[in-house]
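Participant: These are the residues of each chain, in order.
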Amino acid sequence: MTVVIAGAAETDALGRLPGHSTMQLHLEAARNALADASMTKDDIDGIATVGTPGPIQIAHALGITPAWLDGTGVGGSSFLFHVRHAAAAIRAGLCRTVLITHGESGRSRVGAGRYGMGPDSLLGQFELPYGGVGPPTSFTITALRYMKETGLTHEQLAEVAVAQRRWARLNPRALYRDLITVDDVLASRMVAYPFHLLECCLVTDGGGALIVTSEELSRRPPVYLLGSGESAESPIISQMEDFTTSKAFRLSGEAAFAEAKIGHDDVDHLMVYDAFAHVPIYGLEDLGFVGRGEAGAFIAEGHTSPGGRLPLNTNGGGLSYTHTGMYGMFAIQESVRQLRGEAAAQVPGAEVGVVLGNGGMFASAATLILANRLP
Amino acid sequence: MKPAPKPTPETQPFWDGTAAGELRIQRCQTCARHYFYPRPSCPHCGGDQVEWVRASGRATLYSYVINHRPAPGFEDDAPYAIAVVELEEGVRMMSNIVGVPSTPENLPLDMELRVVFEQRGDVHVPLFEPAGGRG
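If you read the sequences in order, they're chains A and B. If you count the first sequence from 1, position 350 lands on 350 in my numbering, and the numbers rise without skipping. If you count the second sequence from 1, position 122 lands on 1122 in my numbering, and the numbers rise without skipping.
In case anyone wonders, no lab produced these hints; they're calculated from the structure. Fair warning: there could be bad hints in the mix.
Said to hold, decoys possible - Pair by pair, the computed Cβ-Cβ distance ranges are: (1) A:G288 / B:P1108: 25 to 33 Å; (2) B:P1009 / A:E215: 51 to 59 Å; (3) B:Q1049 / A:G71: 33 to 41 Å; (4) A:H60 / B:E1105: 56 to 64 Å; (5) A:L217 / B:E1051: 53 to 61 Å; (6) B:Q1049 / A:P375: 45 to 53 Å; (7) B:E1105 / A:A187: 18 to 26 Å; (8) B:G1121 / A:G341: 58 to 66 Å; (9) B:G1047 / A:K261: 36 to 44 Å; (10) A:G71 / B:D1122: 33 to 41 Å; (11) A:P306 / B:K1006: 48 to 56 Å; (12) B:E1051 / A:V110: 46 to 54 Å.
Claimed, not checked - To list a few chain A residues with every Cβ distance to chain B over 10 Å, as calculated: (13) G19; (14) R31; (15) D36; (16) I56; (17) H60; (18) R173; (19) D183; (20) L186; (21) G302; (22) A344.
In this text, a Cβ means the ideal position worked out from N, Cα and C, and glycines have one as well.
With the hints as constraints, model all of the structure from the sequences given.
Facilitator: Have a look at this one:
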């Protein structure tokens, strides 16, 4: 059975939305995705979403009685996991059409889940006592080791933010759209050396939703799921095996490419979760698009920028477009738009897209390979 | 106030060690490898015959950030280095580097370190300083 994405939409607005609760963001995204798919809630028999409010509440709020639920919550990559799990469930006959929702009041914190882990948790015992402030000090802690081992420069790290802003400039929905230079990045406020403010993602409110079903039930030109993969590494960053490469990135990518039976040269468009500027560098290398230590120069030379041979994070990414906290949904949304030919910064003739989602701090990862035609 | 860890049954021997001025980690009796964080079975071979051993306290600097936006309790320390250190026994743990100003020049990767302990409420947390002593 051929599984497709038959509907995809984001909330009407992204950014600072104090008038929207987490719940409202989920529901608005869900309604927009149903409209996009030309479906109603009665077409949905499977539901997937993370943590708060969770799949039971979202299904109930929408008036859906699910025959299949997935509450996988493994960080910002969760929605890629949901797509993969939904595809398996549909192929197995457990359900027919799955709605996947994301809503997060990441900036305004309206009706949001609570942050924080207790002092008796793994994090509370072995990381929080050292004065970390969440992702800006933990996700980033791998970078100096990567820089030492590969020779990546501070300027090349800054180039990641510069390149993505070039895409954001073309996207009216991006929160930050003014072009920036390497000097601008290096002159921005130091958050956690070696990371400056412009090398850290936004914190926004917003949501998105997807409808996954079989090709037969799709009511619009579908986006095909050619392959997918998932994996996990360490729940705390200090126990990541090698600070210069993500095992979960590698394993999820290998599985997705093996299933899709495509090569890297077939890929027209790439989305790599970018909570911080070093993550796309790891993604390019760990997915095998470039060799070890080559990603910094590859980006600095413009190959991922508009007009480059591997368009990367074409919505502007978490660094310039939006980042609610669990960005993975937005990476999928942009890939779907590109493959439908509907993106604000459209890659001409894009047929195959790869999406790599990160969860936690290199803790989990999933990769999706999407296309607007079957190979 | 800086956050203090709250021990759990499987981590209590680690925190008993720090209170006694010792850095204790686990070693698998089957495959002879060390591991960290504390847990009842070996992540390398799956064995459950594991023992607590005293680590030398010598380590090297694996990676770090210098945090400019202090967490609650760390206001007087900013900017400060949050590091991952690699113990001589091969395991890594998060810590702070103390006894030296937190600048990139003072903190070359792979520099040699030694453990010191700082009291936090009822427990002592392991911190690391340059092996040559305080700068």
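Participant: All hints are to be evaluated individually against the structure, with a verdict given for each.
Facilitator: So, going through the hints one by one against the coordinates:
Take G288 (chain A) and P1108 (chain B): their Cβ atoms lie about 32 Å apart, and the range 25 to 33 Å holds. Restraint check, P1009 (chain B) to E215 (chain A): a C-beta distance of roughly 52 Å satisfies the suggested window 51 to 59 Å. At about 37 Å, the beta-carbon gap between Q1049 (chain B) and G71 (chain A) stays in the expected band of 33 to 41 Å. Restraint check, H60 (chain A) to E1105 (chain B): a C-beta distance of roughly 58 Å satisfies the suggested window 56 to 64 Å.
Between L217 (chain A) and E1051 (chain B) the CB atoms are about 58 Å apart, so this pair conforms to the stated range of 53 to 61 Å. A beta carbon spacing of about 51 Å between Q1049 (chain B) and P375 (chain A) agrees with the range 45 to 53 Å that was offered as a hint. At roughly 20 Å, the beta carbons of E1105 (chain B) and A187 (chain A) sit within the given window of 18 to 26 Å. In this structure the supplied range 58 to 66 Å holds for G1121 (chain B) paired with G341 (chain A), their Cβ-Cβ distance being about 59 Å.
Here the CB-CB span from G1047 (chain B) to K261 (chain A) is close to 40 Å, well matched to the stated 36 to 44 Å. Range check, G71 (chain A) to D1122 (chain B): about 36 Å between beta-carbon atoms, so the 33 to 41 Å window is met. Restraint check, P306 (chain A) to K1006 (chain B): a C-beta distance of roughly 51 Å satisfies the suggested window 48 to 56 Å. A beta carbon spacing of about 50 Å between E1051 (chain B) and V110 (chain A) agrees with the range 46 to 54 Å that was offered as a hint.
For G19 (chain A), the non-interface assignment is confirmed: its Cβ lies about 28 Å from the closest Cβ of chain B, beyond the 10 Å cut-off. Separation of R31 (chain A) from chain B is adequate, the least Cβ-Cβ distance of about 38 Å exceeding the 10 Å criterion. No Cβ of chain B approaches the Cβ of D36 (chain A) within 10 Å, the least distance being about 40 Å, so the stated non-interface status holds. Distance check on I56 (chain A): its Cβ is at least 30 Å (rounded) from any Cβ of chain B, clearing the 10 Å threshold; non-interface status holds.
For H60 (chain A), the requirement that its beta carbon stay farther than 10 Å from each beta carbon of chain B is met, with the minimum near 35 Å. A cut-off of 10 Å between C-beta atoms confirms that R173 (chain A) is not in contact with chain B; the least separation is 28 Å. Distance to chain B confirms D183 (chain A) as a non-interface residue, since its nearest Cβ pair spans about 19 Å, more than 10 Å. With a least CB separation of 14 Å from chain B, L186 (chain A) remains clear of the 10 Å interface cut-off, as annotated.
Here G302 (chain A) stays apart from chain B, with its beta-carbon at least about 28 Å from theirs, past the 10 Å limit. In this structure A344 (chain A) is separated from chain B by more than 10 Å, as the shortest Cβ-Cβ distance comes to about 33 Å.
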